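Let chain A serve as the given structure and place chain B on it in line with the hints.
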Amino acid sequence: MPIHNTTERWGHLSIALHWLTVVMILSLVTVGFVMEDLPNTPFKRDVYLLHKSFGLTVLALTALRLGWRFVQPTPALPDGMPAWQRWAAHGGHLGLYGLMIAIPASGWAYNWASNFATPYFGWTLMARAGAVDRELKAIAGAVHEWGVYALLALLVAHAGAAFYHHYQLKDAVLRRMAPWLKPAA
Amino acid sequence: MRFLLALTLALAAPLALATSPMGPVRYSPTDGSTLGFASSYDGETFEGRFAQFSADIAFDPASAAGRFDVVIQLASAGTENDERDETLLGADFFNASAMPQARYQAAAFRKLADGRFVADGTLTLRGITQPVPLTFRWTPGATPTLEGTATVKRLAFGIGTGDWDDTEVMPDAVSVTTRLVLQPKP
Numbered sequence: 040m041p042i043h044n045t046t047e048r049w050g051h052l053s054i055a056l057h058w059l060t061v062v063m064i065l066s067l068v069t070v071g072f073v074m075e076d077l078p079n080t081p082f083k084r085d086v087y088l089l090h091k092s093f094g095l096t097v098l099a100l101t102a103l104r105l106g107w108r109f110v111q112p113t114p115a116l117p118d119g120m121p122a123w124q125r126w127a128a129h130g131g132h133l134g135l136y137g138l139m140i141a142i143p144a145s146g147w148a149y150n151w152a153s154n155f156a157t158p159y160f161g162w163t164l165m166a167r168a169g170a171v172d173r174e175l176k177a178i179a180g181a182v183h184e185w186g187v188y189a190l191l192a193l194l195v196a197h198a199g200a201a202f203y204h205h206y207q208l209k210d211a212v213l214r215r216m217a218p219w220l221k222p223a224a
Numbered sequence: 048m049r050f051l052l053a054l055t056l057a058l059a060a061p062l063a064l065a066t067s068p069m070g071p072v073r074y075s076p077t078d079g080s081t082l083g084f085a086s087s088y089d090g091e092t093f094e095g096r097f098a099q100f101s102a103d104i105a106f107d108p109a110s111a112a113g114r115f116d117v118v119i120q121l122a123s124a125g126t127e128n129d130e131r132d133e134t135l136l137g138a139d140f141f142n143a144s145a146m147p148q149a150r151y152q153a154a155a156f157r158k159l160a161d162g163r164f165v166a167d168g169t170l171t172l173r174g175i176t177q178p179v180p181l182t183f184r185w186t187p188g189a190t191p192t193l194e195g196t197a198t199v200k201r202l203a204f205g206i207g208t209g210d211w212d213d214t215e216v217m218p219d220a221v222s223v224t225t226r227l228v229l230q231p232k233p
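Top line first, the protein sequences correspond to chains A and B. Note that the working numbering has the first sequence beginning at 40, numbered continuously upward. Note that the working numbering has the second sequence beginning at 48, numbered continuously upward.
Next comes chain A alone, as it looks inside the complex:
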């Protein structure tokens, strides 16, 4: 299986970026929910630094994925798929891409508005702002938090649809993105 996509199946790069992003997002959401309540120690600060660094990585990888998707063919939706399901698929994927950009971007804005430098695994990407911007902090914080709730809802729908294709319709949709799966009995 080559690196490029075809109209029949995803290539190596798309598959790798998809699952890498899945693992990172699930970790980020979990850590994001618990890290606020950690006791105030240097460890808490280190956890936040990792959260921000991985979040920025998801942002960069998503930009890469979108760029790759635009210069590549994408596997076609199955024949005979009802129109409402086509709309749901396109809308859902658009929503997922939108949130995978908006959530880390709002996190970045929240960090900047709190007058923190932008960290990336031990480096500093961007110096701190110089002062706190409480209005931007409130807006960015709300987008970040509610974006995650919306993402979780979409993820349930996304995975649900994948299982529907695999186990109910018994087509190749999920296997195209997870080629190690055998066809459902």
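Simulated from the structure, these hints should not be mistaken for laboratory data. It is possible that part of the hints are untrue.
Output of the computed footprint for chain B on chain A, the stretches with three or more beta carbons under 8 Å from beta carbons of chain B [to be verified]: (1) 70-82; (2) 168-174; (3) 203-215.
Predicted model, so just to flag it, every value in this text is computed and none were measured. Where is the CB? At the ideal position from N, CA and C, for every residue including glycine.
Frame of chain A, contents of chain B only:
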């Protein structure tokens, strides 16, 4: 005769005031005065200010004599970062809710060769009292200014002990800077 006695007393009174135990004029800082500190965490420097402090300053540069009494409201500390400020006021650092004030007092002074002075004072912070010399320049006048620096060893005062005591990450020495624009007390 009684008139002469009264006149002598009237003339002598100001002289007596000038040589009273609080000889030099007493000052308090005007609104433009600042008291701040600077440190770093993980290589990233930060600065803080105390928005609320009061000072009773008496100093005669000619004799290098005087008295400083400064009371600092720790809860007024700000470092332009809400999360850091919350930690700073918390139990591991200033513990401001339990011990809301710090106090700096000095009664002994030395003159340096370059015209500056050193106040050999003590700082009481977080319930601990330690000597902290303050090196300062005194610019005389109707509203004198005092510009000074001091180094506070945070661990000696129990500031940032326990999880926060790694001096590779946050140095022990904290630099304190003050600029007081003084007006005579009424």
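Structure-based check of each hint:
Only residues whose C-beta sits within less than 8 Å of a C-beta in chain B count toward coverage, and the region 70-82 of chain A has 4 of them, enough to reach three; the restraint holds. Requiring three or more residues with a Cβ within less than 8 Å of a Cβ of chain B, the coverage given for the region 168-174 of chain A holds, as 3 such residues are present. With a cut-off of 8 Å between beta carbons, the region 203-215 of chain A has 0 residues touching chain B; three or more are needed, and the interface restraint is violated.
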